[in-house]
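Student: Residue numbers (the working numbering), protein chains in the order written: chain A, 21 to 354; chain B, 30 to 334.
A portion of the hints provided could be inaccurate.
To be verified - A few chain A residues that face chain B, going by a derived Cβ cut-off under 7 Å, partial list only: (1) 72; (2) 103; (3) 105; (4) 109; (5) 118; (6) 119; (7) 271; (8) 322.
In case anyone wonders, no lab produced these hints; they're calculated from the structure. From a predicted model like this one, the values you see are computed outputs, not experimental measurements. Using N, Cα and C, we set each Cβ at its ideal position, and we do this for glycine too.
The chain contents come next:
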Amino acid sequence: MGALELKGITKRFGATEVIKGVDLRVEDGEFCVFVGPSGCGKSTLLRIIAGLEDASAGDILLDGVRVNDVAPARRELAMVFQSYALYPHLTVRDNMGLALKQAGIGKAEIRAATDKAAQMLALEPLMDRRPAELSGGQRQRVAIGRAIVRTPKLFLFDEPLSNLDAALRVATRIEIARLHRDLGATMIYVTHDQVEAMTLADRIVVLRAGKVEQTGRPMDLYNDPDNLFVAGFIGSPQMNFLNAPALSAPGATLGVRPEHLQVSRSAGAIEGQVSHVEKLGGETLAYVKSALHGLLTLRLFGEHDFIMGETLYLSPEPQRQFHFDAEGLRLRIV
Amino acid sequence: MAQGRPVRWHIAVFLAPAVAVYTALMIIPLFGTLAQSLFNLEAGARVFVGLGNFRRLFGEALWSDAFWNALGNNLWFFLIHMLVQNPIGIALAALLSSPKLRMAAVYRTAIFVPTILSFVIVGFVWKLILSPIWGIAPGMLDAVGLKSLFAPWLGKEEYALTALALVSVWQFVGIPMMLIYAALLSIPDEVLEAAEMDGITGWSQFWKIKLPLILPAIGIISILTFVGNFNAFDLIYVAQGALAGPNYATDILGTFLYRTFFGFQLQTGDPYMGSAIAGAMFGIILIGVCLYLFGIQTRLRRYQF
Numbered sequence: 021m022g023a024l025e026l027k028g029i030t031k032r033f034g035a036t037e038v039i040k041g042v043d044l045r046v047e048d049g050e051f052c053v054f055v056g057p058s059g060c061g062k063s064t065l066l067r068i069i070a071g072l073e074d075a076s077a078g079d080i081l082l083d084g085v086r087v088n089d090v091a092p093a094r095r096e097l098a099m100v101f102q103s104y105a106l107y108p109h110l111t112v113r114d115n116m117g118l119a120l121k122q123a124g125i126g127k128a129e130i131r132a133a134t135d136k137a138a139q140m141l142a143l144e145p146l147m148d149r150r151p152a153e154l155s156g157g158q159r160q161r162v163a164i165g166r167a168i169v170r171t172p173k174l175f176l177f178d179e180p181l182s183n184l185d186a187a188l189r190v191a192t193r194i195e196i197a198r199l200h201r202d203l204g205a206t207m208i209y210v211t212h213d214q215v216e217a218m219t220l221a222d223r224i225v226v227l228r229a230g231k232v233e234q235t236g237r238p239m240d241l242y243n244d245p246d247n248l249f250v251a252g253f254i255g256s257p258q259m260n261f262l263n264a265p266a267l268s269a270p271g272a273t274l275g276v277r278p279e280h281l282q283v284s285r286s287a288g289a290i291e292g293q294v295s296h297v298e299k300l301g302g303e304t305l306a307y308v309k310s311a312l313h314g315l316l317t318l319r320l321f322g323e324h325d326f327i328m329g330e331t332l333y334l335s336p337e338p339q340r341q342f343h344f345d346a347e348g349l350r351l352r353i354v
Numbered sequence: 030m031a032q033g034r035p036v037r038w039h040i041a042v043f044l045a046p047a048v049a050v051y052t053a054l055m056i057i058p059l060f061g062t063l064a065q066s067l068f069n070l071e072a073g074a075r076v077f078v079g080l081g082n083f084r085r086l087f088g089e090a091l092w093s094d095a096f097w098n099a100l101g102n103n104l105w106f107f108l109i110h111m112l113v114q115n116p117i118g119i120a121l122a123a124l125l126s127s128p129k130l131r132m133a134a135v136y137r138t139a140i141f142v143p144t145i146l147s148f149v150i151v152g153f154v155w156k157l158i159l160s161p162i163w164g165i166a167p168g169m170l171d172a173v174g175l176k177s178l179f180a181p182w183l184g185k186e187e188y189a190l191t192a193l194a195l196v197s198v199w200q201f202v203g204i205p206m207m208l209i210y211a212a213l214l215s216i217p218d219e220v221l222e223a224a225e226m227d228g229i230t231g232w233s234q235f236w237k238i239k240l241p242l243i244l245p246a247i248g249i250i251s252i253l254t255f256v257g258n259f260n261a262f263d264l265i266y267v268a269q270g271a272l273a274g275p276n277y278a279t280d281i282l283g284t285f286l287y288r289t290f291f292g293f294q295l296q297t298g299d300p301y302m303g304s305a306i307a308g309a310m311f312g313i314i315l316i317g318v319c320l321y322l323f324g325i326q327t328r329l330r331r332y333q334f
């Protein structure tokens, strides 16, 4: 009870087509993350699912029922907005209970539902405050609580963490993951942050310019990207793209992740000079400038010392190479 | 502190021009008027009578009949604005802020234009429109078969004040509309979308979400209306003259003050009683504004989005 299917969803604003035919199935109980750079249409897609925008073409099916013409509130889904979008004039309790009140549910039941959600999110001491008296993280929890109270078939999150500071972002991320386990509900989550996508998702949908580039489990996307875009988007720091002909490798581009470069001071496939080093304690990132391949990122475990301008030789690990053709499509060479 | 801060002369210097102008034009005349209301002429000499002028104004039939009549009319004038102008202003703003409305800018401008017209033009034009002899109102009503409804509204005691109040509403409805429109636009789209997701749409969205969020703006409009109405004078003067006819039916505090202070036709001017009326008007507005500030404003929450 919470499976979503999109069939050929297209969205046009005037002459511009922002969603170019998306087909997608989100299984019941799945945590699905839409990720992509800004302007890729991920938020628009979410808003189409929510019913805040109409699809120009295509069908939206919830549990097999077409809901294109069903009002947002009747689709039995709840949305958490980037700006929280709490009702400023209502207390936390009333914010969470308003949808139920509107649906004509009894006071005692509303109270029970809001109390339960408050307990899940540790909001009990805040129930009589107004949004202006809450911190950003608390507001976000209230916004999530408002969604939980409605016991929807589907939760929609529109970049819910982007207004929070880094520490709070990690804490809230963990909280959302826990909620997903506890509620077992289907969730669709939009973000431009691939770390959020990797850590939360059962399945990631990578979007670019209104099209699905690849769909899959986080590690599948990481270890087996279909194209240059997905390879570059998933994983941080970004995958290195090397000039394949210069290494007499197949295809136009050779991709290798920063942690899959072997480094030597004497010999290797690629020669370059250290241009910058970032020591993060647990790992060291070295940026190596190579004449043939541009700036490459090298990721080493632990602490390492490099001298600025020092010449290094890098070699891609043979089992960890990705080959792409001139169009950016993956060449799967066994 | 041992050293102490240097005297910050620049604050006084920069404030001085504004304070000087405001004092010369507002504060001195105000206190001069209030002081003058405590004096009167007796046997050709100016003598201090304390609150004697106010006693006459509120208690002596010759003065008090006119005063209470003017105050009552003024309250009615204010009531019409509150009950007609402001609700219509809110409704227009709600319509204007609807994204489905086309040519919103045209309506907005058209409705706001009368506000910038002179009272003299508005009063005169409406006098012409409503005139039973050469006005177009009887003809227009006739065209839709409602001529029997027509009455010389400005000439009948029972209608004249209401008619003028409605003319004033017509002129100024653009101001509450604009203020509410701005307040409505400041409500973030996401809040309204959240309401939509919660099933709160249409009218219930207006009552439950938008109206509470524009209450502070409505409060401001109410107090502006109150101050404006109790200071009103021009429209009545233009349409009905200083005698505020018919038979003082449209006399409000402003016209009463004008007649008393400057004199009109057979009535000679009396600056002392005039000052007493001005003092009473000042008191009424002061009490009204204080009631609003301490009784209502403190209870209105302002929301930051």
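Student: Of all the hints given earlier, name the ones this structure violates by number, lowest first.
Tutor: Result: hints 7, 8 break, sorted rising.
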